[in-house]
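K.L.:
Spelled out from the first residue to the last, the chains are:
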Amino acid sequence: MVQKILDYKCKRANASGFNEKTITGLQLEFPKSYNDAGTMAAISIAIKKEEGSPVCLLPFCHTVEAETLGGIINLSDGKFGPRAATYAYTSVEELLHLSDIDFNQGRIGEVLKACQMIKSQGETIVLEVSGFFTILNSLIDVTKIFKAWRKNVELVDKIFSFLAKNLYSFIEEAKKAGVAMVSYADPAGSVNIIGPKYTELVARNFTVPFLKKTSDLADDNFIIHLCPKTSLILLSLGVAERKTIDLSQRINYIEACLKAIGREKIIGQACIKDTQAVLSHGKITSLQLV
Amino acid sequence: MKSKEEILKELSDCVVDMEDKLVCGVAEEYIQAGYPALDGINEGLVDGMQRTAELYEQEEYFIPELLICSDAMYNGLDVLRPHLLKTESRQEKHKIVIGVVEGDTHDIGKNLVRIMLEAAGYEMHDLGRDVALQSFVDKAKEINANVIAMSTLMSTTMPGMGQVIEMLKAEGIRDKVKVIIGGAPISPAFAQKIGADGYSATAVDAVKLVDKLMRAESEKIGA
Chain A
525 MVQKILDYKC KRANASGFNE KTITGLQLEF PKSYNDAGTM AAISIAIKKE
575 EGSPVCLLPF CHTVEAETLG GIINLSDGKF GPRAATYAYT SVEELLHLSD
625 IDFNQGRIGE VLKACQMIKS QGETIVLEVS GFFTILNSLI DVTKIFKAWR
675 KNVELVDKIF SFLAKNLYSF IEEAKKAGVA MVSYADPAGS VNIIGPKYTE
725 LVARNFTVPF LKKTSDLADD NFIIHLCPKT SLILLSLGVA ERKTIDLSQR
775 INYIEACLKA IGREKIIGQA CIKDTQAVLS HGKITSLQLV
Chain B
2 MKSKEEILKE LSDCVVDMED KLVCGVAEEY IQAGYPALDG INEGLVDGMQ
52 RTAELYEQEE YFIPELLICS DAMYNGLDVL RPHLLKTESR QEKHKIVIGV
102 VEGDTHDIGK NLVRIMLEAA GYEMHDLGRD VALQSFVDKA KEINANVIAM
152 STLMSTTMPG MGQVIEMLKA EGIRDKVKVI IGGAPISPAF AQKIGADGYS
202 ATAVDAVKLV DKLMRAESEK IGA
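Protein chains in written order, with the working numbering: chain A, 525 to 814; chain B, 2 to 224.
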C-alpha cells in the first residue's frame, strides 16, 4: 500500500524571469544577464537590496544544469526567463552517453564565478540547484523516461545515478565558491505530476541517498535547504523526520535558515524565494534523514 | 476465430494495460478478421482510453500511466486508421487548437488534455509548447476552429491567455470560437476575469467542459 504523499502548494516555483520593474530599473540586457558572471553578480546583489533580503540568490532560472548537459536553451528576453527551446535528446539511450559536467565551462562556470564575486563583496549566497525531473524536463520528453522505467529499469537507474553524481559535484563546487546554502528543488517531480508510485521510487532510490551524501558537506559555513515540496515528500514517506529548533524570536525565514548553519545539515519548510517570509513563532524545522 | 467482441476487449485491455507493442498485433488480427476499423477504434481503443481516464479519476493511474496508455492507443490507431472507409475518415468533427502559451515549456498537462479530447472524438491541432500568442489566433482562423485550449504552469505566463482573447476580439472572431484554459496556477476566477468560456482542473474535466460547450453551441444553432 502506497502512503498518501502530500503535495506542498507553491506559487513561487511557477514564476520565472524578471519583472518589468527589475528589467527597466536595473537596465538588464539579455542574454548577458543570464550568462555573464559579472552581470549576474551585480543583478543578484541589486535584487537583494531591492527586496531587503538577507541573501543573494543565484542563478535566475532552472535551466543551467540542463544546458550544461547539452540542453538547448532559449535565453529569451528576460520577461519569461530561460527555457528549453526544444528537446536535445530523442531517446533515453542518448542520455547514457552524457559526459560529466565541466564546472569551468559555459553558463554553469559563470554561475560559480558569480558566486565567488558576490562572496568577495561580503555577501551571503544561496544557490538554487535543480532536481532530477526538472533537469530531465529540459532535455527530453519525460514520457520517454516513464516508458523506459517500465521496460528497462537499469537504464533509468543509470541516468538518475549519473545526475546524482553530477549534482553532488555541482554542490561541492558551489561550497568551494563560497555558497552558504544550496537550495534543492524539483518542481517538475511534484507528486501531482508524476504520481505517488514514481515519487516514492525516486525519493527512496535516488533523492534520499543523494541527500545523505550531500548533507555530509554541511559544516559551520554550509547547509542544505530543501524546497518544501521535496521536504513534504520525504516526511510523507517516513524517510525523514522533523526536528524543531527554537530560535526564541520572531525571525525572517531565510535568517532562521542561516542561523541553522553549523547546527543542522538539512532544513526546508518554506520557499527560499519567499524572502519576506517570517517565522512568527521563532521555530524552524530541520530534517533528519532516517 | 475470435469473435469481434473478444478482439475489441483485447484492444481495450491493451490500452488499459499499457501494451504499446502488443496492441499492434491485436489491431492487425482485428482487421484481418474483416471487422470494421471504425468499431475497432471507438469500441476498442477509445473504450480503453475511457477506462484509463476512469482509473485516473479514481487515482489508480497518474499522469505517467495515462501517457503510456495513450501511446498504446496511438499505436493501435496507426494500424486501424488506414482501413477506415473514406466516408468515415471524412466525418466532420469539432476542431480544437491546443497549446502551452508563450514563455512556458511545461507540456505534460496539455498533452494529456489533447489525448483525452482526441479520444473523445475531437480533431486536435496541437501547436506544442512556448507558443507565440498570435499563433493561436492564426491557427484558429486557418482551420475555422471551434475551440482554443490554452495551458500554462507558470504564473508569469498567465496574462498571455487574456491577450489571446483580446486578439480574437480584435480579429472579430471571438464569438466564433470558445476559449478554455487550464494549468496549475489557473483558477475559475481567473478564467472569468479574462473572459474565457471555461476552465478545467483535469484532462478528464476538459472533455466534459468541451462536450458541454459544443452541446450548448449546437442547441444555439438548432434554435
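Just so you know, the hints here were simulated from the structure itself, not pulled from any lab data.
Values in this document were obtained by computation on a predicted structure and should not be read as measured data.
Among these hints, one or two may not hold up.
[To be verified] To give an idea of the interface, some chain A residues facing chain B are shown, with a C-beta separation under 10 Å as derived from the structure:
1. 573
2. 577
3. 578
4. 607
5. 662
6. 665
7. 669
8. 670
9. 676
10. 677
11. 712
12. 717
13. 720
14. 722
[Stated by the list, open to error] Distance condition first, Cα-Cα at most 30 Å in a straight line; then the derived DSSO-like pairs of lysine-lysine:
15. A:668 x B:170
16. B:22 x A:675
17. B:170 x A:603
18. B:209 x A:668
19. B:140 x A:603
20. A:528 x B:209
21. B:10 x A:721
22. B:22 x A:682
23. B:170 x B:194
24. A:533 x B:194
25. B:10 x B:22
26. B:96 x A:668
27. A:807 x A:767
28. B:140 x A:668
29. B:10 x B:213
30. A:533 x B:209
31. A:643 x A:797
32. A:700 x A:721
33. A:721 x A:736
34. B:209 x B:221
35. A:689 x A:783
36. A:671 x B:194
37. B:140 x B:5
38. B:209 x B:140
39. A:797 x A:637
40. A:700 x A:528
Every residue, glycine too, gets a C-beta built ideally from N, C-alpha and C.
K.L.:
Hint by hint, where does the structure go against what was stated? Just the numbers, ascending.
P.N.:
1, 2, 3, 9, 10, 15, 32, 36, 37 and 40
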